[in-house]
Structure formats: structure tokens, C-alpha cells
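There are 2 protein chains.
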Amino acid sequence: MENNILRDLVQKNSSRIVLLVIDGLGGLPINGKTELEAAKTPNLDRLASKGSCGLSEAVAPGITPGSGPAHLALFGYDPIKYQIGRGVLEALGIGEELEPSDLAARGNFANIDEEGIITDRRAGRISTARNKELCVLLQKKISALEEVKLSFKAVKEHRCVVLLKGKDLVEGISDTDPQKEGEKTKEAIPLIKEAKKTASLVNKLTKRINEVLKGEASANTVLLRGISKIPHLPSFQEKYLLRSACIATYPMYRGLAKLVGMEILPTGETIKDEIETLKENFQNYDFFYLHIKKGDSYGEDGNFEKKVFVIEEVDTFIPEIEQLHPDVLVITGDHSTPSLLKGHSWHPNPFLLLSKNCLPDNLSNFSERSCCQGSLGKFPATQAMVLMLANSLRLKKFGA
Amino acid sequence: MENNILRDLVQKNSSRIVLLVIDGLGGLPINGKTELEAAKTPNLDRLASKGSCGLSEAVAPGITPGSGPAHLALFGYDPIKYQIGRGVLEALGIGEELEPSDLAARGNFANIDEEGIITDRRAGRISTARNKELCVLLQKKISALEEVKLSFKAVKEHRCVVLLKGKDLVEGISDTDPQKEGEKTKEAIPLIKEAKKTASLVNKLTKRINEVLKGEASANTVLLRGISKIPHLPSFQEKYLLRSACIATYPMYRGLAKLVGMEILPTGETIKDEIETLKENFQNYDFFYLHIKKGDSYGEDGNFEKKVFVIEEVDTFIPEIEQLHPDVLVITGDHSTPSLLKGHSWHPNPFLLLSKNCLPDNLSNFSERSCCQGSLGKFPATQAMVLMLANSLRLKKFGA
Numbered sequence: 001m002e003n004n005i006l007r008d009l010v011q012k013n014s015s016r017i018v019l020l021v022i023d024g025l026g027g028l029p030i031n032g033k034t035e036l037e038a039a040k041t042p043n044l045d046r047l048a049s050k051g052s053c054g055l056s057e058a059v060a061p062g063i064t065p066g067s068g069p070a071h072l073a074l075f076g077y078d079p080i081k082y083q084i085g086r087g088v089l090e091a092l093g094i095g096e097e098l099e100p101s102d103l104a105a106r107g108n109f110a111n112i113d114e115e116g117i118i119t120d121r122r123a124g125r126i127s128t129a130r131n132k133e134l135c136v137l138l139q140k141k142i143s144a145l146e147e148v149k150l151s152f153k154a155v156k157e158h159r160c161v162v163l164l165k166g167k168d169l170v171e172g173i174s175d176t177d178p179q180k181e182g183e184k185t186k187e188a189i190p191l192i193k194e195a196k197k198t199a200s201l202v203n204k205l206t207k208r209i210n211e212v213l214k215g216e217a218s219a220n221t222v223l224l225r226g227i228s229k230i231p232h233l234p235s236f237q238e239k240y241l242l243r244s245a246c247i248a249t250y251p252m253y254r255g256l257a258k259l260v261g262m263e264i265l266p267t268g269e270t271i272k273d274e275i276e277t278l279k280e281n282f283q284n285y286d287f288f289y290l291h292i293k294k295g296d297s298y299g300e301d302g303n304f305e306k307k308v309f310v311i312e313e314v315d316t317f318i319p320e321i322e323q324l325h326p327d328v329l330v331i332t333g334d335h336s337t338p339s340l341l342k343g344h345s346w347h348p349n350p351f352l353l354l355s356k357n358c359l360p361d362n363l364s365n366f367s368e369r370s371c372c373q374g375s376l377g378k379f380p381a382t383q384a385m386v387l388m389l390a391n392s393l394r395l396k397k398f399g400a
Numbered sequence: 001m002e003n004n005i006l007r008d009l010v011q012k013n014s015s016r017i018v019l020l021v022i023d024g025l026g027g028l029p030i031n032g033k034t035e036l037e038a039a040k041t042p043n044l045d046r047l048a049s050k051g052s053c054g055l056s057e058a059v060a061p062g063i064t065p066g067s068g069p070a071h072l073a074l075f076g077y078d079p080i081k082y083q084i085g086r087g088v089l090e091a092l093g094i095g096e097e098l099e100p101s102d103l104a105a106r107g108n109f110a111n112i113d114e115e116g117i118i119t120d121r122r123a124g125r126i127s128t129a130r131n132k133e134l135c136v137l138l139q140k141k142i143s144a145l146e147e148v149k150l151s152f153k154a155v156k157e158h159r160c161v162v163l164l165k166g167k168d169l170v171e172g173i174s175d176t177d178p179q180k181e182g183e184k185t186k187e188a189i190p191l192i193k194e195a196k197k198t199a200s201l202v203n204k205l206t207k208r209i210n211e212v213l214k215g216e217a218s219a220n221t222v223l224l225r226g227i228s229k230i231p232h233l234p235s236f237q238e239k240y241l242l243r244s245a246c247i248a249t250y251p252m253y254r255g256l257a258k259l260v261g262m263e264i265l266p267t268g269e270t271i272k273d274e275i276e277t278l279k280e281n282f283q284n285y286d287f288f289y290l291h292i293k294k295g296d297s298y299g300e301d302g303n304f305e306k307k308v309f310v311i312e313e314v315d316t317f318i319p320e321i322e323q324l325h326p327d328v329l330v331i332t333g334d335h336s337t338p339s340l341l342k343g344h345s346w347h348p349n350p351f352l353l354l355s356k357n358c359l360p361d362n363l364s365n366f367s368e369r370s371c372c373q374g375s376l377g378k379f380p381a382t383q384a385m386v387l388m389l390a391n392s393l394r395l396k397k398f399g400a
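Same order as they appear, the protein sequences are chains L and R.
1 is the number of the first residue of the first sequence in the UniProt record's numbering; add one for each residue after it.
1 is the number of the first residue of the second sequence in the UniProt record's numbering; add one for each residue after it.
Possibly wrong hints are sitting among the right ones.
Identical copies go unnamed one by one, so any copy, or any two together, can satisfy a pair.
[Stated by the list, open to error] Okay, derived cross-link-like pairs now, BS3-like style, lysine-lysine, Cα gap no bigger than 27 Å in a straight line: (1) LYS397 with LYS165; (2) LYS239 with LYS140; (3) LYS279 with LYS207; (4) LYS81 with LYS239; (5) LYS50 with LYS342; (6) LYS50 with LYS378; (7) LYS258 with LYS40; (8) LYS81 with LYS272; (9) LYS180 with LYS397; (10) LYS342 with LYS396; (11) LYS184 with LYS40; (12) LYS12 with LYS342; (13) LYS81 with LYS140; (14) LYS356 with LYS40; (15) LYS81 with LYS378; (16) LYS197 with LYS306; (17) LYS153 with LYS397; (18) LYS33 with LYS356; (19) LYS356 with LYS258.
In short, the hints are calculated from the structure, not lab data.
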């Protein structure tokens with residue numbers, strides 16, 4: 001749906017929408033059943049009979065989405081138009097708050113030899129503890145460069161984030177990480193004319209890092225990639241006239257929600273905590289994005305049983321969500337993560353929409369294969385928000 | 001999927017993909033069953049239960065594709081963006097090998113009266129034998145014109161191909177065939193400035209042809225249309241990093257495969273020959289396009305029973321393909337050719353994809369109507385290659 005058409009149709013009302021995202025929900029069969037089929041989900045199955053079902057696709061058929069594009073699509077933003085740089089995503093993942101003028105780079109602690117040739121792109125996967133020590137050292141020695149404030153933040157093992165805060169930082173420079181061993185670190189090159197000064201700054205930074213880390217046995221350089229700013233996205237308030245809130249236990253998802261202007265509600269670590277947060281805030285917002293992480297995590301581990309368990313756990317909380325009487329409840333995944341593949345996959349997401357204005361599909365259960373038979377068909381995930389707005393009667397008629 | 005995005009995602013591995021195209025596979029019911037439903041296909045039905053099914057559409061809903069656009073779509077090229085001229089398609093159909101600098105024109109032997117008015121656009125559908133004689137005569141008398149080498153090639157009845165080989169030939173001139181009787185042959189007009197010289201050459205050619213054929217009772221002119229060059233298409237190697245091979249018994253399909261950079265494997269006349277060729281070459285390529293012509297031919301004849309027979313014959317060879325253990329096997333048509341309509345039609349193609357990474361749809365048989373229930377849904381045929389690449393794990397994740 002084009003933004004300018006949607007803008008003319010959208011209207012406010014007092015309805016409440018809940019978008020429950022079970023990360024990596026979709027799966028593939030092992031012994032004949034997918035995780036969702038194997039799970040005992042009396043509540044989800046009951047909703048599948050009362051709701052409209054379908055299969056949503058984040059980017060395009062056959063394309064496996066990362067978490068960034070998968071969420072942007074569900075939020076109604078074209079994930080090809082709005083690409084989020086690796087540096088920004090990594091920064092969001094550790095809970096960093098970025099200003100639109102900041103640059104974020106994903107860094108790898110790495111080893112180079114005396115001639116500058118990369119011998120190990122991951123510095124032997126140094127420990128996270130050692131990573132933190134090196135970040136403290138770099139922070140102490142290089143807190144700024146030419147009036148640009150620098151921050152070095154440890155992620156896991158060899159991964160770090162470098163944040164650049166200052167005036168006139170321009171996005172559009174190439175990586176210094178050649179993504180190969182046996183080569184030298186690359187010069188950052190301006191990909192657009194305006195980025196010349198920023199590229200030069202990043203090259204000076206690499207030089208300074210090498211000076212500081214010289215002689216360090218564990219890692220003596222940092223390779224940078226995905227040097228990026230947060231993309232400008234019209235907010236949920238602008239685009240949908242929705243006061244929206246995010247309930248998520250993992251920083252990256254809170255960061256993604258913040259990009260689209262959602263308020264981030266403090267919550268605990270468990271699904272129960274998240275449901276409590278939903279209940280406490282239910283009167284204060286129009287739209288809730290509720291994110292359950294563990295489905296994806298166990299899928300990535302190839303742990304079929306534990307993924308089944310997470311889905312069953314979510315199922316037990318469904319009645320509590322129902323008792324809040326949201327006008328629209330959508331239950332879906334951002335992407336599939338079959339335990340069989342131990343990673344994200346291209347398979348479309350089971351999608352369930354419940355409202356008093358939807359066509360009940362009378363399906364007997366909620367699964368990848370039953371959703372094939374649903375009235376929503378297979379559709380781009382970017383259309384999900386429009387369906388939610390329609391079902392909450394927040395869209396006027398198009399034309400007379 | 002946009003080419004530049006696909007290019008960033010595609011990667012090589014050792015998987016094998018087989019695309020089996022049963023030309024004109026889809027049909028319409030006569031006495032309640034389509035050809036595919038009436039055929040006994042125990043092997044295809046078994047695969048339909050293990051694979052993911054759907055319906056693919058070559059150009060757009062309701063649009064009946066020719067063989068050129070139908071194949072380009074299956075190969076992943078937008079058939080509206082890449083249009084193949086009539087002259088080129090006709091030349092490929094008789095096995096002519098075209099260089100990118102060659103022009104090919106479809107010709108009609110025709111009759112004109114003394115004032116140049118066309119009295120019969122098909123010269124009374126002269127015999128193919130007579131057509132050949134006239135081509136030999138023209139070839140002898142007009143082997144070249146202004147350093148452009150000419151070839152006259154008989155097709156069937158009144159149809160011929162005129163090939164122009166030379167420097168500086170430009171595509172973009174109008175037809176000389178007015179497609180109407182009672183009018184004069186048209187002047188070829190340059191549709192772009194650069195084609196002025198080529199248009200003038202074609203007009204001289206018409207004049208020369210008329211001089212040579214003057215007084216011939218059967219046909220005394222040739223009307224030209226679709227004067228075209230082969231379109232530039234990025235090859236399978238460039239686009240998908242696939243070493244690809246074509247196994248087809250008919251020249252046109254070999255020609256189409258060559259346009260996208262496939263290697264053409266010599267084969268015999270029967271399905272058995274084609275399967276043998278597949279077996280012999282299975283270790284040497286990543287991707288095989290295997291084309292079965294007869295489904296379409298019998299559909300065009302309105303011969304329901306023989307089309308059923310071809311489908312049943314293909315079915316008996318399925319186990320031999322399975323024994324090769326391709327990582328991805330797709331079985332579909334390029335377009336539908338219902339015997340009922342005696343021609344190509346707009347109905348979408350039954351599509352079956354088998355891989356160990358697909359969601360098995362548990363369908364009870366392979367047919368137009370069962371494919372409606374499949375998890376792939378109805379989708380543009382241009383997405384088929386992306387699905388094959390995904391299922392062979394040849395695509396990286398999009399975004400992080």
C-alpha cells in the first residue's frame with residue numbers, strides 16, 4: 001500500500017491492536033510434524049477456527065530474511081527500500097541508543113602480521129571478557145578523533161561495535177574488513193563524494209587502533225564493516241496514527257521498534273513478565289508489539305523439543321491476552337527458523353488474525369500447513385499492518 | 001526479486017537442480033477430468049505428497065504466453081522486460097545460431113499484383129517443398145547486399161526466415177508486412193535514428209527479392225516482420241552462479257536456453273534419450289533444464305488421449321530422475337495447453353518442488369486442482385528460480 005494513499009485513509013478510534021510475534025515461528029517437519037504441529041496448542045487452535053489465517057512472506061519468495069528486514073516488513077515498511085546497516089543493527093542489539101547523526105560500525109577484533117596481512121579475522125574468537133578489556137583500553141586511549149566522540153562496545157567473543165558521534169558524519173563509505181584472511185585491511189573509500197571526510201576519519205581511526213593494540217597478543221586490530229546510520233522511517237504515529245508500544249526482552253527488537261517510533265515498555269525476562277507488562281499498559285496505547293524471542297533461539301540451536309515447548313508456553317498465555325479483549329489480535333512469526341535447518345529460512349510465516357470483523361476460516365488447528373488453506377492466502381508481510389488497521393476499523397473507504 | 005539484490009545473496013555449492021518442463025502441461029477437463037487428472041501418474045502423485053506445490057503464472061493472470069515468454073519467465077527473466085522478436089524466435093525454432101550482431105526477420109512468401117497490391121499474404125500456403133526451392137533461388141541470387149550476408153531459410157508452408165549478418169545492423173525498424181491484403185508492401189521505417197541505414201537496406205532487399213521472384217507463379221514477394229536481434233540477457237552463470245545445461249529435442253527450446261547461457265547437450269528424439277543424457281551429464285553441471293515437447297503438441301492438436309499418454313510416459317521416467325538424487329527437482333509446465341482449447345492458454349501451471357528443505361504439502365495427487373491447495377500458492381513463474389536456489393541452499397540471508 002502506498003504511503004500517500006494510506007495516509008488519506010487512516011483514522012483514529014479507541015480500538016486496541018496486539019501483534020504477537022513468536023520469533024522464528026515457522027518450521028519444517030521432523031518425523032512428519034513441524035514444531036507448531038507437534039506442539040499442544042489448544043488455545044491457538046481454537047483461535048485458528050475463529051480467525052482468518054494465511055502465510056506471510058517478509059521479503060520475497062525464496063528469500064531468507066534477517067531479523068531487521070523481517071520486522072520492518074511486519075511493521076509495514078518495505079525491507080528492500082529501508083535497509084538497516086549491519087553496524088546499526090549490531091548497536092541496537094546491545095541496546096545502544098542512536099541519534100540520527102551517529103554512525104555505527106560492526107567491528108571484528110582480528111590479528112594482522114608485521115606487514116599488515118590479516119592472519120585471523122576473528123582473533124581466535126577471543127573471550128567476551130578479553131573483548132571487554134580491549135574495548136576499555138581503546139576507549140581510554142581513543143575517546144575522540146577530530147571532534148568526533150568515539151565509543152567502543154563489546155558484543156560477544158570477537159564482535160564489537162564502534163560508535164561515532166559528531167557533526168557532519170556521512171553514511172556511504174566502504175568496509176575496512178576485506179572479509180578474507182591473507183589480505184591487508186582495506187582503506188575505507190567514500191562511495192559518495194560527501195563521504196570523503198568521514199572515510200578519511202575512519203582510516204585515521206584504524207591507524208590509531210593499530211597503534212593502541214600494537215603488541216597485544218590476543219588481537220592487534222579491529223576490522224570495520226556496515227558503517228551506517230539509522231534509516232529515517234516515518235513513525236507509527238505519522239504513518240498509522242497509532243500510539244504504539246513495544247514489549248520485548250531482547251535489545252535488538254526494542255531497537256527496531258524504536259526506529260519506527262514505538263515506546264519501549266520496561267519488562268522482565270519471561271513471557272509471563274511480558275504479558276504482565278501488556279496488561280498494565282493496555283489502556284495507554286492503541287498498538288502493542290509483543291515479541292517472544294525463544295522460538296527463534298531454539299530453532300537456531302536445532303532444538304526441536306525446546307522450540308515446541310516455547311510454543312506450548314506461549315499457548316498457555318493466550319487466554320490472558322484474550323481477556324483483555326483486543327479488537328485485533330495477530331499471532332505470527334517474523335520469519336521461519338526450522339530446527340531442521342538450524343537457522344532462519346525462506347518459508348512463509350503462519351499468520352492468524354482475530355477480530356470481530358474477520359472471516360472465520362474454521363480451520364481445525366494453527367500450523368504452517370493449515371494456514372495454506374486460510375482466507376488470507378499467501379501475502380507479503382508488508383500488508384499485515386493494513387489488515388490490522390482494517391480489522392480495527394481504522395481505515396476509511398477508498399474512493400466513493 | 002531485483003537482480004542486484006539477488007546478486008548479493010547468491011552463492012555456489014555442490015547441489016544439483018533439475019527443472020523438468022512438460023510443455024503445455026496444464027489442461028481443462030473433458031468429461032470431468034483434465035489430462036493430468038485423467039493420466040495414471042503414481043510417481044508424480046507420490047512426489048506431490050512429499051513436495052511443495054502451487055500454481056505458477058508466466059506473464060500475468062489471464063495472459064496466454066507464447067513459448068518464448070513462458071520459458072523466459074521460468075528461467076527468471078521478466079518476460080515483459082525481455083521481449084524476443086518474432087524473427088529471432090522463428091530462427092531459433094529452426095535451429096539457427098544467431099550472433100548478437102545478426103538481424104533475423106520472419107518472412108511470408110506472398111503474392112502481389114502488377115501494381116504491388118498484396119493479393120495473398122500466404123501465397124496460397126505453398127508447399128514446404130516449393131518454399132525450399134524459392135529459398136534456394138533467393139540464396140543463389142541475393143547472397144549479399146552492401147556487405148551484409150543474407151540467408152534465406154525455409155520453415156513450413158509459406159513461412160521463412162531471412163537472416164542478415166554484417167556490421168552495424170541496427171534493431172528498430174518497422175515491418176514491411178502490412179498484415180492485410182489489398183494494400184501495398186510497406187516501406188521499412190527506422191523507429192530510431194540509428195536504424196536509418198538498416199531500414200534502407202531492408203527496403204533494397206525487398207526490391208531485389210521482387211526482381212528475383214518476378215514472374216514466379218507460386219509466390220512473387222516476401223513480406224517481412226519482427227526484424228530483430230537476440231536480446232541481451234544476463235546468463236545463468238552471471239545471475240545465479242550456475243553451470244547450466246539444456247536437454248531438449250526441439251530447436252526452439254535449445255535456442256531459448258542458449259540465450260540464457262546454458263550449454264546445449266546433444267540428445268536423441270525420445271524422452272528415454274533425454275533421461276539418458278541427464279544421467280550421463282549429471283555430475284558436470286549444477287542445473288539441468290529438461291524439456292518434454294509432446295505434451296504441448298498433442299494439446300495443440302486437441303488430442304486429449306495422446307496428451308494423457310505423454311504425461312503417463314513422463315511419469316514412468318520419474319524414478320530414474322529420483323535415483324540421481326537431485327537436491328531440488330521441479331516439475332511444471334511452461335504454459336497450459338488444454339486439448340479443449342487446441343492452443344496455449346492463460347491457465348496457471350501445476351508446479352511441484354521437491355527438496356529435503358521444502359514443506360511437504362501431503363497432497364494426494366499432482367494436478368491443476370490439487371496444486372491450488374499447495375503451500376506455494378499461486379505465484380509468478382519468474383519466482384521459480386529463486387525458490388529453486390533457496391531450496392538448494394544457494395542463497396544467503398538478506399540483511400542481519
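Checked hints:
1. With identical chains, the CA atoms of LYS397 and LYS165 are never at most 27 Å apart, being 46 Å at best within one copy and 30 Å at best between copies.
2. Taking the closest pair of Cα atoms, LYS239 and LYS140 never come within 27 Å of each other, the shortest separation being 43 Å inside a single copy and 48 Å across copies.
3. Taking the closest pair of Cα atoms, LYS279 and LYS207 never come within 27 Å of each other, the shortest separation being 52 Å inside a single copy and 57 Å across copies.
4. Proximity of LYS81 to LYS239 under the C-alpha cut-off of 27 Å is found in both arrangements, the shortest distances being 16 Å within a copy and 21 Å between copies.
5. Taking the closest pair of Cα atoms, LYS50 and LYS342 come within 27 Å of each other only across two copies (21 Å); inside a single copy the shortest separation is 32 Å, beyond that limit.
6. For a Cα distance limit of 27 Å, the shortest separation of LYS50 from LYS378 qualifies both inside one copy, at 19 Å, and across copies, at 20 Å.
7. In this assembly of identical chains, the alpha carbons of LYS258 and LYS40 never lie at most 27 Å apart, being 34 Å within a copy and 53 Å across copies at closest.
8. Proximity of LYS81 and LYS272 under a CA criterion of 27 Å is satisfied in neither setting, with 36 Å inside one chain copy and 48 Å between copies.
9. Taking identical chains as interchangeable, the C-alpha atoms of LYS180 and LYS397 lie at most 27 Å apart only when they sit on different chains, with a minimum of 19 Å there against 55 Å within one chain.
10. For a Cα distance limit of 27 Å, the shortest separation of LYS342 from LYS396 across copies, 14 Å, qualifies, whereas the shortest one inside one copy, 43 Å, does not.
11. When the C-alpha separation of LYS184 and LYS40 is checked against a cutoff of 27 Å, the pair qualifies neither within a copy, at 54 Å, nor between copies, at 63 Å.
12. Only between protomers do LYS12 and LYS342 lie at most 27 Å apart by alpha-carbon distance; the minimum there is 20 Å, versus 42 Å within a single protomer.
13. For the homomeric pair LYS81 and LYS140, neither the shortest alpha-carbon distance inside one copy (38 Å) nor that between copies (57 Å) is at most 27 Å.
14. For the homomeric pair LYS356 and LYS40, the shortest alpha-carbon distances inside one copy (25 Å) and between copies (25 Å) are both at most 27 Å.
15. Taking the closest pair of Cα atoms, LYS81 and LYS378 come within 27 Å of each other both inside a single copy (21 Å) and across two copies (25 Å).
16. Proximity of LYS197 to LYS306 under the C-alpha cut-off of 27 Å is found in neither arrangement, the shortest distances being 50 Å within a copy and 72 Å between copies.
17. In this assembly of identical chains, the alpha carbons of LYS153 and LYS397 lie at most 27 Å apart only when taken from different copies (25 Å versus 49 Å within one copy).
18. In the homo-oligomer, the alpha carbons of LYS33 and LYS356 lie at most 27 Å apart only across protomers (14 Å), although the nearest pairing inside one protomer, at 31 Å, exceeds that limit.
19. Taking identical chains as interchangeable, the C-alpha atoms of LYS356 and LYS258 are never at most 27 Å apart, the minima being 30 Å within one chain and 38 Å between chains.
Taken one by one, the earlier hints fail for this structure at numbers 1, 2, 3, 7, 8, 11, 13, 16, 19, listed in ascending order.
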